[in-house]
Every structure is written in structure tokens, then in C-alpha cells.
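Engineer: For chain A, the structure is supplied; the task is to place chain B on it using the hints.
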Amino acid sequence: MNFWLLLLVEVVVILVVMLVGALVTIYAELKISAHMQSRIGPYYAGGKWGWAQPAADGLKFMQKEDLVPAAADHTVFRLAPYIVIMSALAVWVVIPFGPDLVVRDLDLGVFFVLAVSSLSTLGVLMAGWASANKYSLLGGLRAAAQLIAYELPLLLAVVAVVVQAGTMSLNGIVAAQAQTWFTVGGIEISAPFLLKGQIIGFVIFMVAAVAELSRIPFDMPIAESELTMGYLTEYSGIRFTMFFLGEYASMVAISAIAATMYLGGYWVPGLPESTLNAVGPFVLLAKVAFLVFLLIWFRWTWPRLREDQLQDLAWRWLIPLGLLNIVLAGIFKVVL
Amino acid sequence: MAYDKGITFPFAGIWKGMWATLKALFRKPPTVFYPEVKEVPAPRARGVISLDTDACTVCMLCARECPDWCIYIEGHKEEVPPSKPGGRPRSRAKLDRFDIDFALCMYCGICVEVCPFDALFWSPEYEYSEYAISEMLHPKERLTEWLRTVPEPPALES
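In order, the protein sequences belong to chains A and B. Position one of the first sequence corresponds to residue 799 (my numbering), numbered consecutively onward. Position one of the second sequence corresponds to residue 49 (my numbering), numbered consecutively onward.
So here's chain A without its partners, still in its complex pose (with noise of 0.2 Å):
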């Protein structure tokens, strides 16, 4: 097929996945919040259970007047929607929904998931800057601070599953976990990376994603009762909407990749490789709906932490076990 014929395709059924994938996490939201909470929840819009609230939700922020402060740093400002929104699908093109449902199946899949994916920070940062609003400049450094805190635990514990797969393709790394770990009667077993010691190295990446997602309880950067938005208090209408559209793509995409190096992907144990490539992609979104959900129930348990609790936790605990992960990762695959 053409070369550009296919980029538009798969672009196109990128944006199409996010979106899709950020309007029922939005909607999975507030249905799983309100439950949680002894309420309903949306319940009138589109006539059953209120499916329709995030699009109408959507098209009413659409309609709402674009304002630009008249100190802000207008170019600037105006970026920061777009940087945001860009970080979450740039992450899409590696993710393998199967063994050739991938768009590009980079070498360097994980480091470039890893540089994109911290992007979205920046976009905070200049939103922050930009407002000439002190909350929303508190929120956008507190978002730095953040970065810096949490991006190192996620690394160490990738690192730990780029040791154990030897490769850091994320296509090489499903087809890691796919290859029969040891044999029982004549039984081939194999399992994910969750499954073959990388249980500490999970929830060091689960805590710091949620950390780089800034949700609670590490939403700092919003932190509505010290912040009033953090950096977002200056935005509305449509630029409001790609922040809030970016915020539920980059979980849903955090959660993929998640899924795809410590819950095997598209892969399932069980499952014949030529079926891969037709079911994969189901697969894949149920073990990333699973996990959003965990992010959803984190979200409405906990409470926020301070902002010392926050770094302590990433300095003298996340960082030294993500250390020992390494080690002990390096360790299991030389010995074994």
C-alpha cells in the first residue's frame, strides 16, 4: 500500500483509539466513582445510564468562550493544550495490539515511550508558566518536581524489564513473556513478567504512573483546595477540554504499556500465535481496562499526600527498591 496511505490509516485509528479510550475512562469514571460513593451518577444524557455525559460534557466545553489572560504568555499558552494532548497519542505508536498491529515497532520502543510520554509534563509546566496566575504557576513547578521525583523510579523498574526481555522493542518484550518459561510433564508454561519476578518492579511503576499522571494521591499539581486548579485554573473551553482529554489518554496509554511489560500484552497464555494478530487487540484492552480501573478505585480511596510525603516516598523508598529490582532482575537472569 501507498507509504502515505497508510500513515493517514494509522493515524487516523490512533486518534480514533484515544479518543474512544479517553470518553469511556472519563465515562468509566464517573460511573465507578459514583458507585463508590453511594451515588448513581450520570443517569439522563443519551437516555440509559447516561452514556452520552462525557460527549455532552465535551460539545458544552466547545461552546464555552476560549479566554487567554491578558498578561499570559499568549504562544505559550496557547501550545500547552496541544503538547499535553500530543505526549498521550505519540505513546500509541509503539504499543503492539498485536505480533503486526503495531504502527512502528521501534528497537528503542521503550525509551521512546519513556522520553514521549514525560513530555506531558512539559506541556504542565508551560501551562503553569504561562497563565501569569500564582496557583497555576505553583501547580506547573509542583508538576516539575514531580517529574523529576517519579520519572526516576519508572525508569529503574522499565530497566528491570528490559534486563529479564533483553530487548527494549515492546513487541520483543510481549514475545518475552510469550516463550515457554519451563516445562511440567511436557506441559510448556509461560508467563507474563508479573508472574516471573517482577512483582516489586509492577507496583513501583504502577505508584510512579500514577504519580506521572498526577491523579491522587499524588495530584499536587491540581490539588483543588490548596491550588484551586493548579495549572489549570486559567483554561477553558476547548483548550480546557484537550487537558482533560490528554489526562484520560495518557492513563489509558500509561495503562497499555503497563499492560503490554508486566501483564504480557496482546499475549495470553493458552492462545495459539496465529490468533494473535485477531484477538490481541481484545486482549490488550481488557488487561488495560483492568488496570485503569485500578487507577479509577486508587483515585477514589486514598487521600492526597503532602508534597515532602511525595518526594519522600520517591527518594528514599521508590528509587533504592527500583535499584534492588535491577539487581535482582540481573541476578535471575544470569542464574537462571
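These aren't lab readings, by the way, just hints derived from the structure by calculation. Just so you know, these numbers come straight off a predicted model, no measurement behind them. Note that beta-carbon positions come from the ideal geometry of N, C-alpha and C, so glycine has one too. Just so you know, not all the hints are guaranteed correct.
Cut-off 30 Å, straight-line C-alpha distance, at most; resulting in silico cross-link-like pairs (BS3-like, lysine-lysine) [said to hold, decoys possible]:
#1 B/142 - B/76
#2 B/76 - A/846
#3 B/142 - B/125
#4 B/64 - A/994
#5 B/71 - A/846
#6 B/86 - A/846
Ranges between beta-carbon positions, derived for each pair [claimed, not checked]:
#7 A/847 - B/154: 33 to 43 Å
#8 B/161 - A/860: 29 to 39 Å
#9 B/61 - A/939: 24 to 34 Å
#10 B/181 - A/842: 19 to 29 Å
#11 A/814 - B/154: 53 to 63 Å
Here are some, though not all, of the chain A residues that point toward chain B, as calculated from beta-carbon distances under 7 Å [to be verified]:
#12 833
#13 837
#14 838
Structural biologist: Only chain B this time, still in chain A's reference frame:
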């Protein structure tokens, strides 16, 4: 530490919280879909205050005890002809105005408690919201109408 008493394994609070929200997730919410389905309030619920104008003696106790000053009473004295021939005419207080401003009322029930002649009663009715705040001032005609919704007093204790 003192406040850690009873926690036996690390991060117990975290898992307890997660379990609580998970249980709530699968419980049926107690929501009542109000305009379609109506909640039945408790029989002695403090919905609205009703007035028995015949029992009222315009003593103003309720208006004076009201913490919000939301009761407005006006009255005048009337000459009542003697009940038996040869008696002297009596003067009697007549109620002209008895308004309760439910926009101000805080439903404490002090007026009902304080009324020495049992002229004020609680009614469990609650559907009297208005578009204009001035409409929340119920004149004595409206307060008398609520009297029909007042439940029978509980039986005397033997």
C-alpha cells in the same frame, strides 16, 4: 505511636480503604429518583409548620422565641358581647396576620414547642419550593391549609 494501635500489618489502612470502596461499588445506591419516585418522609418529619388559627391567641410567644425572626404576627383587640345577659363585654385578641417566612426558617421547631395553646404543628409535607423567594412567605391561609396534612398525635402513654 499511639494512633497506630490496632494496625497489625503494614499498610493496613490502605487495604481497608480499598476494601471499603470496593464494597460500596457493588452495593445498591440508596438514591431515590425524586420527581418520578417520591420518598415517604417519617410521619413526624419536620416538613412545614401549620397553624390552627382558632387556637391562636396572638400571644406572640412564637414570634419572640423564633431565632430567625421569621414569624410575622399582627392582631387587634375586639369587643365581644357578654356571653350571658347582664355580663360585661370582654375584649379578645383577633389575629390579622400570621406569616412564616420559610426562606428564613431553620426548622428548629421552637415555635411549635413554645406555643402554649397548641396552635402550631409540624407537618411532614415538603413540596412547597417556589421560583421566587418572596413566595416562600406563607400567609395564615396557607399555613392553615397545611393543617390537613398534620398526622394524628401519638397515643397517650398508659
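Engineer: Run the structure past the numbered hints and jot down the numbers of the failing ones, going up.
Structural biologist: 1 and 8
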